[in-house]
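Chemist: So the chains spell out like this:
There are 2 protein chains.
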Amino acid sequence: MPETAAEVRAGFRSGVSGPTSGLAPGFRQANLLVVPADWAYDVLLFTHRNPDPCPVLDVTDTGSRHTPLAHDADLRTDLPLYRVWRDGRLVDEPTDITDVWREDSVTFLTGCSFTFDSALTSAGLPWRYPGRNVAMYVTNRECRPAGRFHGPLVVSMRPVPSALIGTAFRITTLMPTSHGAPIHLGDPGELGIRDLSKPDFGDAADIQPGDLPMFWACGVTLQAAVVASRPPFAITHAPGHMFITDVREPQVAV
Amino acid sequence: MPETAAEVRAGFRSGVSGPTSGLAPGFRQANLLVVPADWAYDVLLFTHRNPDPCPVLDVTDTGSRHTPLAHDADLRTDLPLYRVWRDGRLVDEPTDITDVWREDSVTFLTGCSFTFDSALTSAGLPWRYPGRNVAMYVTNRECRPAGRFHGPLVVSMRPVPSALIGTAFRITTLMPTSHGAPIHLGDPGELGIRDLSKPDFGDAADIQPGDLPMFWACGVTLQAAVVASRPPFAITHAPGHMFITDVREPQVAV
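Order-wise, the sequence lines are chains A and B. One point on numbering: in UniProt numbering, the residue at position 67 of the first sequence is 67, and numbering is uninterrupted. One point on numbering: in UniProt numbering, the residue at position 65 of the second sequence is 65, and numbering is uninterrupted.
If you're looking for bench data, these hints aren't it; they were derived computationally from the structure. Just so you know, not all the hints are guaranteed correct.
Unchecked claim - Residues on chain A that point at chain B, a partial pick, calculated with CB under 7 Å: (1) Tyr41; (2) Val56; (3) Val59; (4) Ser162; (5) Ile165; (6) Val247.
Stated by the list, open to error - Pair ranges (Cβ atoms, derived): (7) Thr121/A - Pro130/B: 51 to 61 Å; (8) Pro176/A - Leu90/B: 32 to 42 Å; (9) Leu212/A - Gly192/B: 45 to 55 Å.
This one's a predicted model, so the numbers in the text were calculated from it and none came from an experiment. Even for Gly, the Cβ is constructed at its ideal location relative to N, Cα and C.
Bound conformation, chain A alone (with noise of 0.2 Å):
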């Protein structure tokens, strides 16, 4: 099984595809959004005015398919699988997105809460989606807009047991690029989210007796937006198939 972060990148350069969590642990995983230059500035306005749901690790230059985050990536080929998005409609969900690529892209990393998965697991949280993809829902809650950029924060779930709530706290809290803190434990009804077994995106988590919802602001919030405000085009990462750099995240005991 590969390990490292090049590794699992060369695999999805040769056309392995499939979710990320879980995979190349201590290593970084990203969201990704390119958007046409014209649209830049208010994404990354509105990441700044967002900053759980969008934690900025780079923003590329006009054109460039490289990253600082993994020198030798290809952003355009390495990552399992895309969505590429035209006026906010999903046209095409690809592999490689080398042939839709446009030389006006600028293309936004921002943090994942995988990157904090190894730290949860280590610390003795059960994992309740085995080999399956975390569960994401779009809350009533909207974010601070930017621009013509706007739209609903999404959030994703992990149910914890409940003598293990403050720890995943504590571990979360200190991974400010990976969304850190839960932004609501509990109640899913106050997020505006009818029914836990039918995520938005992903697959649904067992939940045990004794288990809490928790739920941390999550980057797929960018492909919300990109519904909500319809650039003419768009490309993402698909849900829950991240970018994974070469970016170690320092373990610390909490």
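Given the structure of chain A, go ahead and fit chain B onto it with the hints provided.
Modeler: Frame of chain A; chain B shown alone:
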């Protein structure tokens, strides 16, 4: 003596001026940079790429002189002293910028080390520049550029008794929106600073036997970038003469 941020701002609005270090303890202070909207993307990307000197607290909508950081404030009148720049040259230093304000202005408010001064003094650190402005120096380190916006890193310096160095690290590490941990301790030559008694901005501090100079990234980095990058028009605060927000800095025991 005025105590709250609003009281101090009201004084500035009526013509009072002077450095803000030590004023309105516990309220977050901010650097100000106003640029034409055409330059806003480059500046915003520069702040993202240089988060230590430029931790963004707010970016206004184009033309707005208001910020959620202080609802009743007017950014054109409520700072003690401004600087007006044309093509990177300082052309005026007024206490009010109403008459030079442009409708295409975008204002950046970024964190300031003055915010942690009250935490440092309450932890027992001596105040080495009573009644004066903090010492600031242009370094030999270049910031990561963004489009047309580039320039050197500027630092502030505080002399710290060696027994209190750990305390100063602990306190400021936990305040990333006020520049966070020191970026250098000791030999000024490593930053290209030749003479601590001749700061580039502000006033020299008293260095006592047993003190070590401790350096933090400084918001004046944005002014140095204005000088280096020469936007056609810019307004900043005068060094040490900050915008005092209504945001209370949480106090924690460390």
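Chemist: Go through the numbered hints given earlier and state which of them the structure violates, listing their numbers in rising order.
Modeler: 4, 5, 6
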